[in-house]
Amino acid sequence: MLKTKTAPSLRDVAPKAFASLKLAADEPIAYLENWKRETGGRVIGTFPMNFPVELAHAAGLHPAIVQESQTPITEGRGLLPEFYCSYSRSVADQAATGELDVFDAFVLADHCVQLLGAIDVVRWAKPETPNHFAQFISSMDDPWSAGQVRDKIDALRTELEEVSGAKIHPDSVSRSIALYNTDRELLREIFSARRDRSVRIPASELQALIKSSMVMDIEDHIRLLRALIPSLGELETEKPPVPVHLSGHFCAPVKPELLDTIEDAGVIAVDDDLYHGWRLIATDVPEDEDPFDALAQWYLDRNKSAPCATRVQRNVDWDDYLIDGLQTTGAVGVIVLMAKFCEPLMLYYPELRKALEEREVPVLMIETEHEGVPAESIRTRVEAFVERVSQTRAMPNSNHITAQQEVDNA
Amino acid sequence: MWHTLGVDLGSTTAKAVVVAPDGRPVSSSIVQMGAVSKKGVERAIAAALEDGGLTRGDIVRTVSTGYGRRLVELADRSFTEISCHARGAVAMMPGVRLVIDIGGQDSKAIAIGQDGLLDRFAINDRCASGTGRFFDVLSRALEVEVTDISDLAAATSHEAEVSGMCATFAETEVISLLAQDVAPADISAAVMRSVASRTVGLVAQVRKNTPVVMTGGVAQNASFVAELSRQLDLSIGHLDEPQIAGALGAALIARDDYLSTVPDDERMQTEWDRQRSGSPIESCQDCDGAAGDDRGPVPVTLMPTVTRV
Amino acid sequence: MPETIELSPTVVKPRGKDQKPDKSNRLTSTRAGGKMVSDYWENIFTAKERGKQVVWYNGSALNPIFQAAGLEWCHGEAFSARLAAMHMEGPAQQAGEEYGYVNELCSYARTHLGCAVLTQQGASEKQSGIVGFADQQELATKLPSPDFFVNAYAGCSTGQQWDAMTYRVFGKELPMFNVSLPMIWGNKPDSGYLRGKEWEKTPLFVVEQLKELIKFIEYQTKKPFDWDALSENMSYIKRASELRLEAMALCAAAPTPATYWDWVASIAPINFMPANQALVDYFQGVKDEIEQRLRDGVSAVANERYRVYFDGIMNWNKLGFLTRKFAEYDVSVVAGRYTHDSFWQEPQLIDPENPLLGMAQHYLICPINHGLKIMEELLLKRCDDFGIDGIAFHSTRTCRAMTNPQQILARIAEEKRGIKSFSFEGDVADAAFYKDETLESGLVAMLETIDQQRARM
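As given, the protein sequences belong to chains A, B and C, one line each in that order.
Letter 224 of the first sequence, counting from 1, is numbered 224 in the UniProt record's numbering, and no numbers are missing.
Letter 300 of the second sequence, counting from 1, is numbered 300 in the UniProt record's numbering, and no numbers are missing.
Letter 410 of the third sequence, counting from 1, is numbered 410 in the UniProt record's numbering, and no numbers are missing.
There may be inaccurate statements among the hints.
As the list claims (entries may be wrong) - Only part of the chain B face toward chain A is listed, based on derived beta-carbon distances under 10 Å:
no.	residue
1	TYR67
2	PHE79
3	GLU81
4	ILE82
5	SER83
6	GLN105
7	ASP106
8	ILE110
9	LEU117
10	LEU118
11	ARG120
12	PHE121
13	ALA122
14	ILE123
15	ASN209
16	THR210
It should be emphasised that the hints constitute simulated quantities derived from the structure, not laboratory data.
For glycine and all other residues, C-beta sits at the position ideal for the given N, C-alpha and C.
Take these sequences, add in the hints, and give me the full structure.
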């Protein structure tokens with residue numbers, strides 16, 4: 001039996017705060033049901049990856065991003081075929097099995113063909129629940145892009161007012177924006193500590209912090225993060241064996257056990273651009289302008305601060321962003337996590353691979369599925385990747401430096 | 001004299017190779033098993049040692065690889081089959097740039113750099129399409145020995161088609177073709193084409209390059225190698241013992257590992273002995289041996305990725 | 001219900017030894033379309049030699065605009081479909097896979113991106129790498145390099161992302177124009193096919209973009225846009241479309257004189273052939289043949305016993321095969337979403353004098369750009385119009401846009417009309433995904449269910 005040395009992690013140094021966050025991340029529906037019971041409030045389900053939750057919050061609703069369920073897909077099999085990404089299949093399944101009953105309305109802004117297939121299942125299964133699509137333009141740099149998004153913010157405002165039964169006041173939007181910016185800022189502080197390697201935090205734990213922010217009452221989330229941050233100093237600062245960047249995986253979180261398997265196989269993530277990671281928190285909403293304009297601007301800014309394959313923008317490149325990131329963090333390889341059947345990532349991956357290989361940065365692509373983690377196969381790939389990263393060329397007449405020495409000297 | 005041992009514990013066979021200090025293989029063994037088995041490993045190791053007239057005391061370093069690499073208690077370290085097949089194939093055919101390994105459990109395409117080191121790799125996904133399992137499915141459905149499939153396919157006269165997307169589904173397809181009175185030879189050839197096309201896809205992921213060799217048991221299936229060669233439009237180099245490539249690679253990595261721990265003088269002496277012996281393993285075809293020539297493999301040092309507790 | 005008329009059985013053509021007789025009877029007039037399309041591509045392949053500017057585009061039928069601007073136009077999906085129909089998709093797909101595209105990606109996209117990779121590579125490089133076979137290269141590498149790209153993809157998000165990648169394969173050195181086509185979500189009480197506030201408002205946004213597109217083209221071609229030519233093109237398209245729809249309507253007759261497969265063969269002409277008198281003549285020819293068949297009592301399938309609707313995009317590798325396969329079971333595939341709810345299917349919307357609005361509207365009624373409510377409306381209407389007994393859902397492995405609503409539509413058709421259906425897996429341009437077993441067993445099971453349904457009645 002093999003085992004890696006267990007380093008102290010958030011669950012050890014801030015057990016109480018982390019447990020609350022982890023619980024919401026692991027059981028989002030249970031959290032929302034409980035929240036409704038306690039507050040009598042209404043929950044609005046939003047879908048990844050670009051919905052401005054601040055607007056729903058300002059409408060007096062509790063916005064929560066609908067998550068992929070951990071339960072096996074049953075009835076959903078008869079509604080969306082198996083060749084859809086795990087997130088859309090899970091959403092369809094949850095709609096069919098009643099798991100989404102906790103939501104009082106649904107809203108989305110992203111045009112993804114598979115997601116829309118899942119939303120049609122939601123509409124069909126829950127015909128009485130309001131379901132609004134404010135389709136934000138995905139071509140980001142056309143002369144009409146900004147105007148189109150601004151129009152959709154207005155349409156969204158009208159829809160949300162209809163759902164909540166009250167007008168959305170600009171001051172409320174500003175207050176919501178400030179809250180969510182605060183939450184993002186706190187999360188970025190934690191991510192930065194990992195990035196500059198002043199602390200070592202398992203990727204699966206960081207994911208719990210992000211995922212809980214998608215589900216929890218935002219003020220509670222801020223309170224818990226503030227309780228947790230002072231404990232960061234107690235975490236280990238040991239240099240990781242092989243620092244890598246985790247890239248890809250939109251919409252749904254990578255299974256925590258997969259992240260653990262990867263990090264147990266000889267690498268540690270020092271940075272990422274995952275949606276359930278840095279991508280979610282990379283961009284704040286401007287606070288010094290009209291709040292409705294600011295939300296439209298936030299959407300346009302997001303693809304610049306963390307470029308995404310789901311958006312089309314001629315002057316922004318995910319590959320450049322990734323390479324710049326590697327230079328900053330010192331990550332020596334990239335692991336691309338691809339939800340099987342995710343078309344935007346399938347389309348962009350060759351460009352990422354090409355750019356990385358041109359710079360001799362090793363890249364490993366791992367496909368993920370809803371149905372479990374093939375741990376042994378993943379371990380083999382990651383170990384081979386580490387072997388690839390670590391092999392050195394003992395050229396004749398040259399000093400014989402081992403990979404371990406190189407790492408030690410790093 | 002010290003030796004090192006490589007053990008490759010696959011899903012259906014255990015292989016062991018012993019190499020001498022100069023890197024030359026001294027002995028090898030292949031043991032068929034029903035499933036991953038520690039006993040199989042023990043038998044393979046014992047056979048290899050006996051064959052080489054050695055005892056366990058002669059082995060200074062052991063590296064395990066393969067699907068069951070963690071089960072090899074004797075091993076000092078373990079490495080993935082990717083690194084080991086790459087290392088073994090380069091040793092067996094110096095200058096090779098692409099290694100295709102089709103095993104019982106999965107299949108891999110491994111690109112080797114100009115320096116003889118692992119560059120890129122691709123492994124088939126979790127489904128068994130394009131693996132050796134496909135041939136097991138075929139032999140079961142056709143009620144012939146898996147070793148006879150190659151000859152059977154060579155006798156094809158008409159074109160049949162199987163989709164090849166899934167090993168389980170392929171069985172249904174094969175049975176259906178039999179029900180339609182399609183000749184077993186034509187079905188076998190169709191399965192060859194299907195597995196080969198999956199393999200071409202795998203190769204595409206690491207990009208085609210030459211020279212190319214196949215390792216693993218399926219490399220002994222001449223009809224399949226011919227079909228794959230046709231689809232790739234490349235000739236595929238022949239290895240006498242493609243099944244032991246992983247174990248040989250493991251043994252050579254064990255040798256590198258051991259050498260990295262011995263004093264410099266001793267290491268230099270061993271290297272000098274190796275060069276004088278003209279060992280085929282480390283000297284390269286078409287290489288004049290001049291420093292800086294990038295055509296040949298060079299000793300590699302790998303860091304451990306697995307810590308044993 | 002359709003009018004029922006007495007027709008004599010179609011002549012059953014004997015086939016080779018060991019093969020079942022072919023009970024299908026395809027239109028002969030569509031062969032002219034085959035030649036028209038073949039000539040069109042041959043012409044495209046020489047565009048550079050003729051000093052023409054070439055636009056690569058995907059999605060909507062913008063070709064009347066390109067034609068008016070004097071450009072040569074290459075429709076990406078159309079070229080992928082053509083390669084697949086000629087069983088020559090292999091090298092492009094391998095080039096795509098070698099470049100890194102996973103085989104679960106839209107096979108139109110990866111075939112076309114493979115072509116882009118091949119086109120972009122120098123001729124010398126074509127001799128190395130996986131795509132080394134001279135015969136395979138023949139077609140895939142003939143596409144002339146683009147001078148610029150235009151994307152106008154409705155319904156499928158992959159469509160827009162695909163061209164963003166083609167743009168990158170060509171090193172980001174060529175201009176690209178995106179027309180963004182919003183989904184017709186159809187969730188309001190007043191929403192429906194061609195009605196409601198959403199329908200009235202959305203095309204206006206598209207019209208404004210088309211105006212910008214024309215300015216962009218003027219800049220690329222360095223000459224003023226010929227609006228008269230556009231009007232003329234649209235008048236030809238309007239007439240061709242009217243003839244196509246009139247001919248399709250004649251197929252409400254049972255047994256049907258023409259099938260879905262004939263309409264599939266007519267997709268290329270209506271979708272991207274030059275708008276001219278030849279196009280009108282083609283559809284006049286098709287309509288004439290169908291009328292003649294009705295007069296002569298000739299049916300498209302010998303002994304039609306079942307009338308089936310085909311939902312899903314075409315499996316281009318299998319056109320002839322599927323035509324025979326369905327006919328073998330006395331099934332007439334009478335209509336389909338891909339053929340009947342696409343391709344200038346509402347000609348009354350086209351005003352040749354003021355063509356942009358009608359064009360924008362057509363780009364939005366692409367059959368993958370509707371929400372579920374409108375899809376249901378369209379499906380039930382087609383089933384009623386053509387007296388449909390059953391539905392074949394082509395669960396199209398790499399085309400989620402077409403596959404999206406299918407399983408719900410199957411339930412709706414059963415609930416609201418008692419229409420049975422089955423689903424089989426295949427793909428637009430990747431034959432590896434086609435599973436004959438699921439088609440055969442699903443089709444037979446559906447027909448048996450229909451038999452039992454009829455026995456009860």
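Going down the list of hints, with the structure as the test:
no. : hint   : result
1   : TYR67  : holds, 7 Å
2   : PHE79  : holds, 6 Å
3   : GLU81  : holds, 7 Å
4   : ILE82  : holds, 4 Å
5   : SER83  : holds, 4 Å
6   : GLN105 : holds, 9 Å
7   : ASP106 : holds, 7 Å
8   : ILE110 : holds, 9 Å
9   : LEU117 : holds, 5 Å
10  : LEU118 : holds, 5 Å
11  : ARG120 : holds, 8 Å
12  : PHE121 : holds, 6 Å
13  : ALA122 : holds, 9 Å
14  : ILE123 : holds, 6 Å
15  : ASN209 : violated, 14 Å
16  : THR210 : violated, 19 Å
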